[in-house]
Amino acid sequence: MTKNGLDLIINGCRQGDRLSQKHLYQQFYQYGMNISHRYARTNSEAEEILNDAFLRVFTKIEMYNIDLPFVTWFHTIVVRSAINYLKKYENKPVTTDIEMGHAAIIQEEILSKMSSDEIVALVRQLPPSYRATFNLSVVEGYAHSEIAAIMGVTEGTARSNLMIARQKLQKMVSQSKKIVEYGR
Amino acid sequence: MEDKDFDNIFGDKLKKQKDFPFSEQKWTVLERQYDQLLGEKRYKRLLLFGGISLLTLLSSLFCILSLLSDTNKKLDNLTHEIHVLPQEKMSSLTPSVYLGDVPKSDTIFHKIVVYRYDTIYQTVIRRDIFQTNINGLNNKNQTSITENSLDEQGNKKYSAPKSAIIKSDNSTVLDKKAELITEKGLKEEQSISEQIKTINNKQNDSINLVKTTSTAKQVDSLSEKAVSVKMIPPLSINADSAAKNGEKSFEKELEKKEDKKRPIISQLKIKGYEFGITGGAAFINNSNFVNQAGYSFGLKGGVLFGRRLQLVGEVQGLNLNFETQRFSQSLNIPPISPPTVNDDLRSVNASQLYWQVALGLKYQFRDGKRWQPYLNASVVGQAASDEEFNYKFINRLTKEYINIKSTRKGSEFETGILRTSVGVNYRIWGKFQGFLEGGYDFKFDKSPRYMPIGQVKLGLLHRF
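Protein chains in written order, with our numbering: chain W, 1 to 184; chain D, 1 to 464.
Don't read these hints as lab results, they were simulated from the structure. Where is the CB? At the ideal position from N, CA and C, for every residue including glycine. Incorrect hints may have been included.
As the list claims (entries may be wrong) - Once the Cα atoms are required to be at most 30 Å apart in a straight line, the calculated DSSO-like pairs of lysine-lysine come out as:
#1 K369/D - K431/D
#2 K60/W - K41/D
#3 K87/W - K18/D
#4 K3/W - K26/D
#5 K392/D - K74/D
#6 K16/D - K3/W
#7 K269/D - K431/D
#8 K271/D - K3/W
#9 K18/D - K3/W
#10 K26/D - K41/D
#11 K3/W - K4/D
#12 K409/D - K443/D
#13 K431/D - K60/W
#14 K87/W - K16/D
#15 K74/D - K22/W
#16 K87/W - K269/D
#17 K41/D - K369/D
#18 K16/D - K171/W
#19 K16/D - K26/D
#20 K73/D - K399/D
#21 K44/D - K22/W
What the hints assert, rightly or not - If you want a taste of the chain W side facing chain D, the calculated C-beta under 7 Å gives, among others:
#22 Y25
#23 Q30
#24 G156
With the rest of the complex left out, here is chain W (with noise of 0.2 Å):
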């Protein structure tokens, strides 16, 4: 899609257009829904949060500056949307302290033979702050700073998060793996 195109659609939708507004659903759904489904536990609560986040976009419009790419605020609103989806419906005070737990040792072959739709499916299963922890960090790049912040919880939370996170998902490699064993 042309800037312009892009333009005249914001435009419209500045305008509460119903029809610009389609349009951008349209042409934005994919992406969102590549970003909110790494952090929905299925595919219907990743279109609530992708909902929750055009509901955002449409209302807050005249908040977007045009001369910045829209692609990163829209970006942004998703992510936050689903971080408040999570905080909303599924997060329950998080006080775990680092816990040095056994890391699994496991093989760089056997995850780089794994697809993404396994990937995904094993991140799904982590607990909801752990889950929305390590996508923050690993997929988005945040700081332990950041996160703390969009998580509303001390640094030193967010950094044990992140490493209880990892350590379940190395198990849980390290038992697919048996299973891929076994069934041989």
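Place chain D on chain W using the hints.
The following block gives chain D in isolation, referenced to the frame of chain W:
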């Protein structure tokens, strides 16, 4: 395997795009949610706007009342002082009130008499000067006139006063000036006729230019339409590539925008219209009132030029009610004589209805935002309909009250009133917007029947 490698592999796999097909059903779900949200927001906004407006109106009303109560106290002290004065002095102080037994409703005639007296007085002075010149008093004017008369006629003869000579000279000078002007005008006409051909040629060239630019614009608009048609089918967007493309195209667009400097005339094209109703509180800026209450109601419309400038027109009615305890020129109340000599004026209640037509320019800030503050300057014309006055007298001896009603015919349509106002627009929903405005009407020349009016208004406008 290290944590970093683990994170990198996981990150790469998670970032991989997946296919999520779009369907109309999903849009319908979102549309329903959006409508629900809008309904809630609309209700909240109305409450917020109503609350703020009510608060502003109440606070302005409170300010007016507190000011009036202060004035009332001052006037009470003044009336007390007047009562202490002996009766004879009172009658000598206010002769206009004690002219007769029949109530009078107009004093304009009195003012005309004063004006005529002034002009008669000036003619008498001129004649005196002329006579002294003839009689040969030591005066500079005299010597100059006699010298003139001797030079022109050789004898002591009656010569016209200096003012008359000057007048005749002036007339000739004026005639000469007129001649010069006509000559100049002719010269200009000649030069214009010579230049007509060249101008016509230039105009033809400019018309050709306009034609070419208009066709170019049509082509541009067609290409834009083509783009908008292309947008309809869904496209898959890669996050990184989309961001990069967006940045690149943005830079290009920025360069293009810098190159293209649009002329002001094209920016001032009519973008739309708005129309709506207004209403609010009105008050007269006068410290002589004991009490006052006023309201306004009307229709407002506007033509939007560009994004910020607007031509605004307004038709409104202003109903002003006030009470005072004395006659004053600034109050615009016709003074009447009391029924008997023992009666004192207690209060005057007046009810005035004005019809106003305003036309002006509005400039609004924060384009595209929900809250838009604006400045407005308008020229106002107004006419007053029949006014009612209720005079209340008290008898000093019997302490009885006497009420006298009087009406005055409405004034003719007067212009030259200026209105400055400051306000804020608030987009409530869709194309409906409310506004809150504070304005002040004033006039540079001092008209006897005009009083400056302040207004606080609310309104609802629909944009087309």
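Tested hints:
1. Restraint check for K369/D and K431/D: the C-alpha separation of about 13 Å stays at or below 30 Å, so the hint holds.
2. About 12 Å separates the Cα atoms of K60/W and K41/D, which keeps this hinted pair within 30 Å; it holds.
3. The hinted pair formed by K87/W and K18/D meets the criterion: a straight-line CA distance of about 26 Å does not exceed 30 Å.
4. Distance hint between K3/W and K26/D is fulfilled; the C-alpha atoms sit about 26 Å from each other, no more than 30 Å.
5. In summary, the hint linking K392/D to K74/D is supported, as the alpha carbons are separated by about 20 Å, within the 30 Å threshold.
6. The suggested pairing of K16/D with K3/W holds, with an alpha-carbon distance near 24 Å, which does not exceed 30 Å.
7. At roughly 20 Å between alpha-carbon atoms, K269/D and K431/D fall within 30 Å of each other, so this suggested pair holds.
8. Among the hinted pairs, K271/D with K3/W is consistent with the structure: their alpha-carbon atoms are about 23 Å apart, no more than 30 Å.
9. Between K18/D and K3/W the CA atoms are separated by roughly 24 Å; this keeps the pair inside 30 Å, and the hint holds.
10. A C-alpha spacing of about 23 Å is found between K26/D and K41/D, which places the hinted pair at or below 30 Å, so the restraint holds.
11. The hinted pair formed by K3/W and K4/D fails the criterion: a straight-line CA distance of about 37 Å is larger than 30 Å.
12. Between K409/D and K443/D the CA atoms are separated by roughly 22 Å; this keeps the pair inside 30 Å, and the hint holds.
13. For the hint pairing K431/D with K60/W, the CA-to-CA distance comes to about 17 Å; that is within 30 Å, so the pair holds.
14. The hinted pair formed by K87/W and K16/D meets the criterion: a straight-line CA distance of about 26 Å does not exceed 30 Å.
15. Using a Cα cut-off of 30 Å, the hinted pair K74/D and K22/W is violated, with the two alpha carbons roughly 67 Å apart.
16. For the given pair, K87/W sits about 49 Å from K269/D by alpha-carbon distance, which is inconsistent with the 30 Å threshold.
17. Between K41/D and K369/D, the direct Cα distance comes to roughly 16 Å. Compliance with the 30 Å bound is thereby established for this hinted pair.
18. As the CA atoms of K16/D and K171/W are separated by approximately 23 Å, the hinted pair is consistent with the 30 Å bound.
19. Simply put, K16/D and K26/D have alpha-carbon atoms about 23 Å apart, close enough for the 30 Å limit, and the pair holds.
20. The suggested pairing of K73/D with K399/D holds, with an alpha-carbon distance near 22 Å, which does not exceed 30 Å.
21. Annotation: proposed proximity of K44/D to K22/W holds, straight-line Cα distance about 25 Å (limit 30 Å).
22. A cut of 7 Å between beta carbons decides the hint on Y25/W: the least distance to chain D is about 6 Å, and the hint holds.
23. Using the Cβ-Cβ criterion of 7 Å, the hint placing Q30/W at the interface with chain D is satisfied: the shortest such distance is roughly 5 Å.
24. Taking 7 Å as the C-beta contact cut-off toward chain D, the hint placing G156/W at the interface is violated, the least distance being around 17 Å.
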